[in-house]
Amino acid sequence: MPYWDYFWRYPRSVAKPVKDGIKPKSRGGSIGKTWWSQRWIGVLESFHMGARLGRGRSYARRGQVMSIDVQEGLVTAKVQGSQRTPYKIKIALKPLSQKDWNKVTEAMAEQAIFVAKLLAGEMPQNIEEAFEAAKVPLFPKSSRELETDCSCPDWANPCKHIAAVYYILADQFDDDPFLIFKLRGKSKEQLINELREKRAGTAEETAAVDEIELGAKFPTAPLEECLGTFWEAGAELAAFSANPVLPEVEFAVLKRLGQSPFAVKNKNITILLEKAYATASRAALKTAAIDR
8 MPYWDYFWRY PRSVAKPVKD GIKPKSRGGS IGKTWWSQRW IGVLESFHMG
58 ARLGRGRSYA RRGQVMSIDV QEGLVTAKVQ GSQRTPYKIK IALKPLSQKD
108 WNKVTEAMAE QAIFVAKLLA GEMPQNIEEA FEAAKVPLFP KSSRELETDC
158 SCPDWANPCK HIAAVYYILA DQFDDDPFLI FKLRGKSKEQ LINELREKRA
208 GTAEETAAVD EIELGAKFPT APLEECLGTF WEAGAELAAF SANPVLPEVE
258 FAVLKRLGQS PFAVKNKNIT ILLEKAYATA SRAALKTAAI DR
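If you count the sequence shown from 1, position 55 lands on 62 in this note's numbering, and the numbers rise without skipping.
Since the hints were made in silico from the structure, they are not lab data.
Cβ pair distances, simulated, as ranges: (1) D156 x K282: 44 to 52 Å; (2) E232 x V271: 50 to 58 Å; (3) V143 x S74: 28 to 36 Å; (4) A242 x W42: 44 to 52 Å; (5) Q132 x A242: 41 to 49 Å; (6) N273 x I120: 29 to 37 Å; (7) A163 x K142: 27 to 35 Å; (8) S267 x I120: 20 to 28 Å; (9) S158 x A287: 52 to 60 Å; (10) K101 x S20: 27 to 35 Å; (11) A245 x K195: 40 to 48 Å; (12) T294 x P229: 34 to 42 Å.
Fair warning: this is a prediction, and the values are worked out from it, not measured in the lab.
Just so you know, even glycine gets a beta-carbon here, dropped at the ideal spot from N, CA and C.
Start from the sequences, fold in the hints, and give me the full structure.
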């Protein structure tokens with residue numbers, strides 16, 4: 008029998024079952040529920056990898072991925088195939104230079120909502136604008152940017168083992184969007200610290216400008232000229248108005264603090280505080296509306 012006839016007739020291998028393998032949280036439908044995880048999958052699908060991604064998705068759902076570790080610019084994983092020994096996978100994405108990251112964090116710091124959402128563990132919907140401003144991509148632009156390696160004998164790229172890791176990676180992005188930044192070479196701690204430093208500088212500049220503008224609008228008279236009316240409301244009070252609105256990031260402070268170590272009747276205090284915050288916010292908005 009010619010070699011190629013033998014090759015195409017060779018029986019398809021069956022993966023060995025894995026106990027306690029890593030499975031996606033969703034039991035059906037798409038893998039990755041957040042927009043950033045879906046964006047990751049969408050980018051991969053745009054590379055026209057064909058049926059290989061589908062086979063990888065099946066592997067991921069069956070729990071064939073045994074371990075996965077994300078470091079700066081590198082993902083390593085083990086996937087159980089048909090052989091006794093699990094296959095070793097490496098997926099590398101080129102980290103951004105510090106110069107490029109400086110441009111990105113400067114663009115992020117200019118948008119207060121970016122910082123607020125990131126501190127709350129959420130990915131801003133238009134975060135890619137910050138990367139576009141720095142002229143660098145957050146997600147890979149082509150499959151060539153993903154350097155992959157698998158110890159299996161399949162020459163295809165990606166093989167089903169690499170593709171399975173792609174999907175488990177998307178599932179983990181749901182829980183921790185900062186892993187996407189880590190793949191580009193910036194850890195969560197580094198990113199948050201840099202954003203805080205840049206936002207602190209911006210806040211100081213803004214406060215200085217506001218103070219100058221406020222002084223020009225409402226010049227302060229010397230104290231000795233105000234003694235007679237010291238306890239009276241000034242005319243400036245009429246210019247003050249309060250228009251409370253719901254925050255763009257719900258429970259931002261609680262999300263930054265994480266789960267409380269305390270519980271009441273088997274309920275974490277954080278969950279109870281979220282309900283209390285929501286009730287207080289609605290009451291405040293209702294009161295403000297009546298006052299107006």
